[in-house]
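S.K.: Those protein sequence lines, which keep their order, are chains A and B. Residue numbers for the first sequence follow my numbering, so the first one is 1 and each next one is one higher. Residue numbers for the second sequence follow my numbering, so the first one is 115 and each next one is one higher.
Simulated from the structure, these hints should not be mistaken for laboratory data.
Pairs of lysine-lysine residues, derived as DSBU-like cross-links and limited to a Cα-Cα distance of at most 35 Å, are as follows:
{"hint": "1", "chain 1": "A", "residue 1": "78", "chain 2": "B", "residue 2": "150"}
{"hint": "2", "chain 1": "B", "residue 1": "154", "chain 2": "A", "residue 2": "55"}
{"hint": "3", "chain 1": "B", "residue 1": "158", "chain 2": "A", "residue 2": "78"}
{"hint": "4", "chain 1": "B", "residue 1": "181", "chain 2": "B", "residue 2": "155"}
{"hint": "5", "chain 1": "B", "residue 1": "150", "chain 2": "B", "residue 2": "185"}
{"hint": "6", "chain 1": "B", "residue 1": "155", "chain 2": "A", "residue 2": "55"}
{"hint": "7", "chain 1": "B", "residue 1": "155", "chain 2": "B", "residue 2": "133"}
{"hint": "8", "chain 1": "A", "residue 1": "70", "chain 2": "B", "residue 2": "150"}
{"hint": "9", "chain 1": "A", "residue 1": "78", "chain 2": "B", "residue 2": "123"}
{"hint": "10", "chain 1": "B", "residue 1": "155", "chain 2": "A", "residue 2": "70"}
{"hint": "11", "chain 1": "B", "residue 1": "185", "chain 2": "B", "residue 2": "136"}
{"hint": "12", "chain 1": "B", "residue 1": "150", "chain 2": "A", "residue 2": "73"}
{"hint": "13", "chain 1": "B", "residue 1": "166", "chain 2": "B", "residue 2": "136"}
{"hint": "14", "chain 1": "B", "residue 1": "158", "chain 2": "B", "residue 2": "181"}
{"hint": "15", "chain 1": "B", "residue 1": "158", "chain 2": "A", "residue 2": "70"}
{"hint": "16", "chain 1": "B", "residue 1": "154", "chain 2": "A", "residue 2": "73"}
{"hint": "17", "chain 1": "A", "residue 1": "73", "chain 2": "B", "residue 2": "155"}
{"hint": "18", "chain 1": "B", "residue 1": "166", "chain 2": "A", "residue 2": "55"}
{"hint": "19", "chain 1": "A", "residue 1": "55", "chain 2": "B", "residue 2": "150"}
{"hint": "20", "chain 1": "B", "residue 1": "123", "chain 2": "B", "residue 2": "133"}
{"hint": "21", "chain 1": "B", "residue 1": "185", "chain 2": "A", "residue 2": "55"}
{"hint": "22", "chain 1": "A", "residue 1": "73", "chain 2": "B", "residue 2": "158"}
{"hint": "23", "chain 1": "B", "residue 1": "166", "chain 2": "A", "residue 2": "73"}
{"hint": "24", "chain 1": "B", "residue 1": "154", "chain 2": "A", "residue 2": "78"}
{"hint": "25", "chain 1": "A", "residue 1": "70", "chain 2": "B", "residue 2": "154"}
{"hint": "26", "chain 1": "B", "residue 1": "155", "chain 2": "A", "residue 2": "78"}
{"hint": "27", "chain 1": "A", "residue 1": "55", "chain 2": "B", "residue 2": "158"}
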Amino acid sequence: AQTVTQSQPEMSVQEAETVTLSCTYDTSESDYYLFWYKQPPSRQMILVIRQEAYKQQNATENRFSVNFQKAAKSFSLKISDSQLGDAAMYFCAYNRNYGQNFVFGPGTRLSVLP
Amino acid sequence: DTAVSQTPKYLVTQMGNDKSIKCEQNLGHDTMYWYKQDSKKFLKIMFSYNNKELIINETVPNRFSPKSPDKAHLNLHINSLELGDSAVYFCASSQDRRGQLHFGNGTRLTVT
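Chain A extracted, bound-state conformation (with noise of 0.2 Å):
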């Protein structure tokens, strides 16, 4: 079974900084998805980027941009010039190709200090 793993419980980041936040999963296939969502305290799942494992090209998003390594099944999100907004829960979630059950990491909280 696919399982995703984020090691960081909690982060924080100065306002205008950037932080990246860490996740890592395990799978046998080789054609997937890989998501990052916020949740911020309204409970809402925002999507913030996707990425697909048969894309060399790390996707961005404005100020998020993610680092994946396919070969080390390592997927991070870089938060650039951070802003109070992005306080939130981060998780990282994985869905193989044509599959229907993305699988969640555990999250990882998000402070942004002002």
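Fit chain B to the known structure of chain A by using the hints.
M.R.: Just chain B now, kept in the frame of chain A:
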């Protein structure tokens, strides 16, 4: 305009009662899900339906019964509620089996 909507947002009930949570999506997606988020924020899949057909049924007590009258709706009925059922329940949908999950806003269930 809400893509995935679930009701109610909050549900407070006593042990032993039966309750339902409703979910509807207007995205035209084929696959719908129920996830449970516990007090430690851990998200775990409960059920997955594709075109009204049950695809995934994780180790969930049979007091939980999903019902999908059509591919736009996936309701969750819970019998004989227990204290341990207290959690946030998320409905979600996805397209093409490769797309992202689109979540509802969650239902916080509190069993007293």
